[in-house]
Every structure is written in C-alpha cells, then in structure tokens.
Amino acid sequence: MSENKNASVTLNTIRSRVAGDWESLKQKTLITVGSATCGRAAGAVEVLESFRKEISRLQLDASVIEVGCMGHCYAEPMAVIYHPGFPGICYGYLDQGVASRLVQDFLVEGDPCVEFALAATGPNDYIPTFEDFPRGTVEQKHVMKHCGFIDPENIDHYLAVGGYQGLAAALSMSPDQVIAEVKSSGLRGRGGAGFPTGNKWELCGKAPEKTRYVICNADEGDPGAFMDRTLLESNPHLVVEGLAIAAYAAGASKAYFYIRAEYPLAVKRVAKALEQAAQCGILGQSVLGTDFSLEIEIFQGSGAFVCGEETALIASMEGRPGLPRHRPPFPSESGLNGKPTVIDNVKTLSHVPFITQKGSQWFRSMGTPGSPGTAIFALAGKLVNTGLTEVPIGTTLSRIIYDVGSGIAGNQTFKAVQIGGPSGGCLPKEVLDTPIDYDTLTRAGAMMGSGGMVVLDEHDCMVEIARFFLDFTQKESCGKCTFCRLGTKHMLGILERITKGQGKPDDIDLLLELAEDIKAGSLCGLGKTAPNPVVSTIKYFRHEYEAHINEKRCPSLMCKDLIAYYILPHKCERSCDACVGSCPVEAIYSDEDRIKVINQEKCVKCDSCMVACPPQYKAVVKVSPPDEVVRKEKVEQ
Amino acid sequence: MILTEEEIREAAEKTREITAGCDTARGSLIPVLQKIQDRLGYVPAPAMEEAARHFGIPAVDVYGIVTFYNQFRLTPPGRHRVKVCMGTACHMKGGNIIMESWERVLKIKVGETTPDREFSLERVACVGCCTMAPVLVKDETVIGKMTPTKVDGMLFSHQLANKKEGVPQ
Ligand SMILES: Cc1cc2nc3c(=O)[nH]c(=O)nc-3n(C[C@H](O)[C@H](O)[C@H](O)COP(=O)(O)O)c2cc1C
Ligand code: FES
Numbered sequence: 001m002s003e004n005k006n007a008s009v010t011l012n013t014i015r016s017r018v019a020g021d022w023e024s025l026k027q028k029t030l031i032t033v034g035s036a037t038c039g040r041a042a043g044a045v046e047v048l049e050s051f052r053k054e055i056s057r058l059q060l061d062a063s064v065i066e067v068g069c070m071g072h073c074y075a076e077p078m079a080v081i082y083h084p085g086f087p088g089i090c091y092g093y094l095d096q097g098v099a100s101r102l103v104q105d106f107l108v109e110g111d112p113c114v115e116f117a118l119a120a121t122g123p124n125d126y127i128p129t130f131e132d133f134p135r136g137t138v139e140q141k142h143v144m145k146h147c148g149f150i151d152p153e154n155i156d157h158y159l160a161v162g163g164y165q166g167l168a169a170a171l172s173m174s175p176d177q178v179i180a181e182v183k184s185s186g187l188r189g190r191g192g193a194g195f196p197t198g199n200k201w202e203l204c205g206k207a208p209e210k211t212r213y214v215i216c217n218a219d220e221g222d223p224g225a226f227m228d229r230t231l232l233e234s235n236p237h238l239v240v241e242g243l244a245i246a247a248y249a250a251g252a253s254k255a256y257f258y259i260r261a262e263y264p265l266a267v268k269r270v271a272k273a274l275e276q277a278a279q280c281g282i283l284g285q286s287v288l289g290t291d292f293s294l295e296i297e298i299f300q301g302s303g304a305f306v307c308g309e310e311t312a313l314i315a316s317m318e319g320r321p322g323l324p325r326h327r328p329p330f331p332s333e334s335g336l337n338g339k340p341t342v343i344d345n346v347k348t349l350s351h352v353p354f355i356t357q358k359g360s361q362w363f364r365s366m367g368t369p370g371s372p373g374t375a376i377f378a379l380a381g382k383l384v385n386t387g388l389t390e391v392p393i394g395t396t397l398s399r400i401i402y403d404v405g406s407g408i409a410g411n412q413t414f415k416a417v418q419i420g421g422p423s424g425g426c427l428p429k430e431v432l433d434t435p436i437d438y439d440t441l442t443r444a445g446a447m448m449g450s451g452g453m454v455v456l457d458e459h460d461c462m463v464e465i466a467r468f469f470l471d472f473t474q475k476e477s478c479g480k481c482t483f484c485r486l487g488t489k490h491m492l493g494i495l496e497r498i499t500k501g502q503g504k505p506d507d508i509d510l511l512l513e514l515a516e517d518i519k520a521g522s523l524c525g526l527g528k529t530a531p532n533p534v535v536s537t538i539k540y541f542r543h544e545y546e547a548h549i550n551e552k553r554c555p556s557l558m559c560k561d562l563i564a565y566y567i568l569p570h571k572c573e574r575s576c577d578a579c580v581g582s583c584p585v586e587a588i589y590s591d592e593d594r595i596k597v598i599n600q601e602k603c604v605k606c607d608s609c610m611v612a613c614p615p616q617y618k619a620v621v622k623v624s625p626p627d628e629v630v631r632k633e634k635v636e637q
Numbered sequence: 001m002i003l004t005e006e007e008i009r010e011a012a013e014k015t016r017e018i019t020a021g022c023d024t025a026r027g028s029l030i031p032v033l034q035k036i037q038d039r040l041g042y043v044p045a046p047a048m049e050e051a052a053r054h055f056g057i058p059a060v061d062v063y064g065i066v067t068f069y070n071q072f073r074l075t076p077p078g079r080h081r082v083k084v085c086m087g088t089a090c091h092m093k094g095g096n097i098i099m100e101s102w103e104r105v106l107k108i109k110v111g112e113t114t115p116d117r118e119f120s121l122e123r124v125a126c127v128g129c130c131t132m133a134p135v136l137v138k139d140e141t142v143i144g145k146m147t148p149t150k151v152d153g154m155l156f157s158h159q160l161a162n163k164k165e166g167v168p169q
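Top to bottom, those sequences are chains A and B. Per our numbering, the very first residue in the first sequence carries number 1; after that it's consecutive. Per our numbering, the very first residue in the second sequence carries number 1; after that it's consecutive.
Rather than coming from a laboratory, the hints here were simulated on the basis of the structure. Where hints are given, some of them may not hold.
Claimed, not checked - Just some of the chain B residues that point at chain A, by a computed CB distance under 8 Å:
#, residue
1, C22
2, L29
3, I30
4, N70
5, G87
6, T88
7, L106
8, K109
9, A133
10, K138
11, V142
12, G144
13, N162
The beta-carbon is built from N, C-alpha and C at its ideal position, and this holds for glycine as well.
From just these sequences and the hints, can you work out the full model?
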C-alpha cells in the first residue's frame, strides 16, 4: 500500500490547478443564486437572468453563478452577494425587480439594501449572521455546510473548499483500517433502518467473491422528503466522494447511483460531477494516482416506491420487476448479479468523507452514544420556515419545530408531526420534548425513516392522513405478500368508509387487528411498517376516529364528505362579489338582500370562496357535519 | 388503443435505433425502455416486441416491466403534460383540490389525455418541492403554491397563446 501514500500528493497537484481557495474566489464581486428545484419553482431562473442582464447592461466586473440550496427553502429565490469591503450578504424572497435594484444600489452605489437581507455569511457590525438566530444555535452543518454556497457543477469549487481530502485520507489507510474507523465512529444508515454502516462494509469486504459492487441509494421514495434530492443537486461531489470511499473499503471497482426518475436535475448534476471527477483523475483507472480503480455509473429508477428497498432495488437493476426477496442472504453477501453488494443511502455516504478525514472520535462528539453524528431533516407542512436542516441526533422535536422551523404558520396551533413517511407515524405534542434518535422514535410509534417531517396543525385531520398513507402504500405494494397486498386494501377500505362518515363502531378494533396481521405477514419493510400511520394516529388521536364514526363529524373540518361551506349572512359585506367570481362551478348567488349564498348541491368544496373572501370579512366558514348548515340557517332567520 | 401503420413503423424503427448500440444483458432492459419512452413519449406494443427480440426474452416479460413501474406509459401523452403532486405535504395543503380543478377544466380524469391530445393529466408522488406545496409540474417546469384560480388562469393563457399562434381550437 506504499503507493497509496501518494494520494494526498496527487490531490494537492490537482488542487493547484484551481485558481485558489474558496476565499480568493470571493475577492471579486460574486453573486450566487440558489437554483435547486426549490429555487426554480419559486422563480430563481428569472432572478438569475435579471442579475446577468443588469450586470452586463452596466458593464460591471462581477460574476453570477448558480448554486444549490442552503436549506432555507421558505425564502426562495435566494442569492448571496460577495462584494469587496462587505461581508457576504444573503438576500431572500427575491424577484426580478429586487434583483435589478440590488445591482444598481449595492454594486454601483454601495448601499447593501439591508431591508432585503436575510443574514450575513460572516461576522460584521450591522447584519446578523445565520448563527445569530435561534436556528443557528440548534443546527450543526457538516454535510450541508457547502450546500447553497458552491457551484455544484464545478469541481473546482468543491476542491477549493477542501473536497476529496476524505478520499485521499482513506486511500492512505488500508481498506480494513477504513472499515475499522467507520465502525468505531458508530455511523448508522440514514436510509431508514439505522443499520451500522461499518458492519455492512465489513461483511462485503470479507466475502470470498472478488467482484463486488457499491450502490448509492438515491431512490428517495417517501412522498414528503427531499433531503437526498437537495444534497445531490447542491453538492454531488460530496456523495461521489463518500461512494468512492465505500467502494475502496468494500473492495469494489464498480459503483452505481440509483436515482429516482422524478429527479432529473439531480441526475444531470451527478452525471456532470462524475465526468469532472474522472477528468481530474479522481475516478477511473487509478484513483488519485493509486492502484485503486473505480468506475461509477448512474441507473435511473422508474417510479416504484418499493424499489427503495435494497433487494427490490437490485431486482430492478437486473431488469426485473422490483419485488423484494427474503433476507438473508443479505446483499452484502449476495446482491447485484449474485455478487456481494453494499447499498447505502445518500446521506449515509455524505458523512463518510468527514469520518475518514477527521476521525471517528470527532464524529462521536456529536449526537447520542447510540446514534452518533448529525441527521438531516426535511421540514414541510404548516411551518413558518420550511426547508432542510442538519442537527445533532438527540435534538428534541420542539427545538427543530420551534427554533429551526419558527413554529406553526398563520398563528395556528401545533397538532402533530408526521415523521418517517409511509413507514412512520404521527406524534402529538406530548412527545415534542423527547430527544430524537432511531430508538426513541421507534418506541414512540414513528420511525426515523428517511428524515422527512411534515408538521400538521389543527386543520389537519388525523384519520385523513392515515388514509392518505394507506392509499399510498396500498398502491405501491408490489403484491408479493398476501397480507400486504390485501391487508392494506382492506384497511384502506375501512379508513375511506370512516372519512365518508360511514364508519362502524368496531372499525377501530378491526384496524388494529389487521395492523398486527400485516406486520407479521409481510416480507419487507413496506408491509411491516405500512400500518404505522394508522396505529400511531389511533394511539394518540383516537377521539378523532370516534368523532368520525359516532358523530359523523370531522373535528378538523377536512374530510370532504363530512363538511359543508357556509357564508355567514351577518358577516357578508353585500356589495362584495369576490366569492361569486372565485367559484369555478357558479354555486354562489346573491339573495334578494344581496347576501351571498352557497348552493350546496352545486358546491364542489374547492375552498376557493374561503380564500377569496377578504380577510376583514371572513364570512365563509366550514361546518361539520354538513347538515350543520341547515341548523345555522334556522338560527340566522 | 389502435395505432396507425405509421405509428407502428415508427415505434419499431426507433426501438431498433436504440437497441442497436446496446448490449443484450438483461440489466440494460429498463434503461432501453426509458430511452424508448424519452423518444416516443410512451412505450407501445411494437416497441415492446422489438425490445423483447433484442434481449431474447418473451414479450410478456417486457410487458411485465412496463406495467410494474409507474414511470412507463402505454398510451401517448398529450402535447402538454400536467403532473399534480400527490405527496404528503401537497396533499395536506390541498393537492387533491388542484387535481379536481384540472379534472374539471380539462373534462378528463387523472391518467387520461384530452381527445385533442393537447393535455394529459397525471399524478406524481413528491417532486421534492414540498416547501412550495401544493405543487404541479407542467411539462418540465415546477410550479408552486397552486390554487384553483391559478389552474383556470394557466388554461386561459394557454388557449390565448394558441390563438395567437393560430392553432385551431
Ligand atoms: C419500502 C422501502 C422503501 C425504502 N426506500 C428507501 C429509499 O428511498 N432510500 C433509501 O436510502 N433507503 C430506502 N429503504 C431502505 C433500504 O432498504 C436500505 O435499508 C438502505 O438503502 C440502506 O442504506 P443505509 O444503511 O445507508 O440506510 C427502503 C426500505 C423499504 C422497506
Ligand atoms: S409533497 Fe408535493 S412536492 Fe413534496
């Protein structure tokens, strides 16, 4: 292995090509615009264009580049301006007008327009930094540190911030030493189950068969999670580096990215990263000048949730329908084409370069003894600040929801947080102060899963969310196990009945009974965890089920069949026609006093009138059960 | 669905072009089908038969793959594809209301194409923009914070643009 000592030397040679370090890139005026999918959906492409147009119109010496997402998705489109003499300043909620104005006022006239600033990227006297906010005290960014700051399509940027040093460090060790380091770091898989990563690599590394594979699982199928997408779109080289280290440790010379079909931008950026890394000699015949060779290819998934499960994933790469199979043998012993195969999640692999570079002790200094390190969560739903965050494992839910997410939007109250997607559960406010790790979450009835969190407020119906997930798992069940295929269908039928107000008194017990059977009778994690959303909502929100079944009432006013829209006559400002215009089916008319009335027969319950009614009147309300309308009408008369 | 002679010929021809540069390992089957769908917009029967011949496997195995995976279409898509996100975050913020609005204005159900083949309506599970919920993807563009009124507006501006270009309605 003496040759491998040269990996760092080779890396330094490659790095010397780069114009300089990251700091020196910012000596000149530089504008970075977040253009990951979240930014694009908010209009980042137009903002980018405005910056470019304005700079060329004024003939300024400034460059504009595209970067990924720094996790503050709520404030997209975002940009950071580095202008000599100023700290880097991050602006949010941009549009084309503000972009042009920033160029004129800041770059030409020297006024940084602090009214549009979110935070500064470094300490200074007048604008607080991200670290100064409550969020900054909870977050610990390592994996996400450079996301949203560097150009994901430019390897020079990654090299400038110290990229590929973890790979160089790994190559200076023997594969066994790398495995030992990862094992002693206590890193657990971030793809859901939390299996110790080092053990998996060791099993593969010890296999007698020499043709081995390593696969990065980027199938992110949880419908409400977007951590893996953001990482791949914002810093693909970090994942490539982690995958290369895993391949080295497990003794594989071929590795794959398995990326979900719905993520075209991630595919594009990873492809570019692979191409650039190969050009620099970081991948290919001789990785960083050593005798380790590695080729990495992309395989695109075809839209089946179950293919996130490792044995189904392998089946689909072999050109077969994605049906999971019984384990053991584990993929580490017999995987792709029957060869030993390591499969790791995007986030798991992203932690690896830091472990080989900074050591397992450093990694263990964060998180809990049983689950060291940091975890990335995607925050969505009824939060003020939705987006991505990286916090030490063991942080409480309330710190994530209130300090990072800034609490519930629109002055509503917190009801529950859904964690772990279709395999997870809904946790109520009583659980908010539990430090979360793999084990506490499982005990509470949810699951770490992938790290997706959807926060729900009092307008969200717990029966409906359980029905939503069952509908999802029932459609995505591959059909191999009878209990999963038919059991989920049966459960879904019962839940549909309940949300329509046709529930029967013993439905709750029947659901719990079916849940036990499905868990026991299913082969893979899909079936084993499919009942979790139902069981956890019954455990914590049984009263909501009972209201649907016994009173035909949806307490959260969400289940369509159990609600009606009603315009309060005494609140209706007669001369206003906003609701009439907004109704897509012409169900609203004016009565003889010009008070607006909803024709319940025609109403499709689309919510438009409620949105259209000006906030100073708030005349449109929802009632449940629907015949509440008749009662209200009588009272008004 | 009945295909015209022209469509059958085109499907087989394009498939042969794609398989020509490809090995016959079974692992290449799904990437080949993905390429076919990229080129044709869907995977018709003649393409499946052609692919089966190339890989030396029964056509029914190819059909099994095409129907197992959600990504593959058996019918041609519309010229514009509207995909409404039905992920968790979008659902809780009214994704189903957006879907119903499209069904109402286009007069088709999810999974169908309008008779003039102008629009097809699909569902997707989370496109990773949950923070902009409810979300839809029109062709390749992600549009966030949808409302039923925005649906009406999108259709209206589409018809307006067509009128300008002189496309018959
Ligand atoms: C139904 C089902 C879906 C899954 N989906 C994913 C997924 O989308 N991404 C992922 O990384 N792991 C997923 N997994 C977990 C994988 O089977 C596997 O445990 C994981 O890729 C291992 O990587 P890790 O050790 O890095 O977590 C899924 C498991 C099941 C049962
Ligand atoms: S749930 Fe719709 S984009 Fe994620």
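Against the structure, the hints come out as follows:
Using the Cβ-Cβ criterion of 8 Å, the hint placing C22 of chain B at the interface with chain A is not satisfied: the shortest such distance is roughly 12 Å. Hint on L29 of chain B holds. Least Cβ distance to chain A is approximately 4 Å, under the 8 Å limit. Interface restraint check for I30 of chain B: the shortest CB-CB distance to chain A comes to about 6 Å, inside 8 Å, so the restraint holds. This hint holds: N70 of chain B has a C-beta 4 Å from the nearest C-beta of chain A, less than the 8 Å allowed.
For G87 of chain B, the interface hint holds, the least distance from its beta-carbon to any beta-carbon of chain A being 4 Å, beneath 8 Å. With 8 Å as the threshold, the beta carbon of T88 of chain B comes within range of chain A, its nearest partner Cβ sitting at about 3 Å, so the hint holds. Taking 8 Å as the C-beta contact cut-off toward chain A, the hint placing L106 of chain B at the interface is violated, the least distance being around 13 Å. With 8 Å as the threshold, the beta carbon of K109 of chain B stays out of range of chain A, its nearest partner Cβ sitting at about 15 Å, so the hint is violated.
Checking A133 of chain B against chain A: minimum C-beta separation of about 7 Å stays under 8 Å; hint holds. At a threshold of 8 Å, the smallest CB-CB gap from K138 of chain B to chain A is about 11 Å, leaving the interface hint violated. Interface restraint check: V142 of chain B against chain A, minimum CB-CB distance 4 Å, threshold 8 Å, status holds. Among the interface hints, the one on G144 of chain B holds; its C-beta lies about 4 Å from the nearest C-beta in chain A, closer than the 8 Å criterion.
The criterion of a C-beta within 8 Å of any C-beta in chain A is not met by N162 of chain B, whose closest approach is roughly 21 Å, and the hint is violated.
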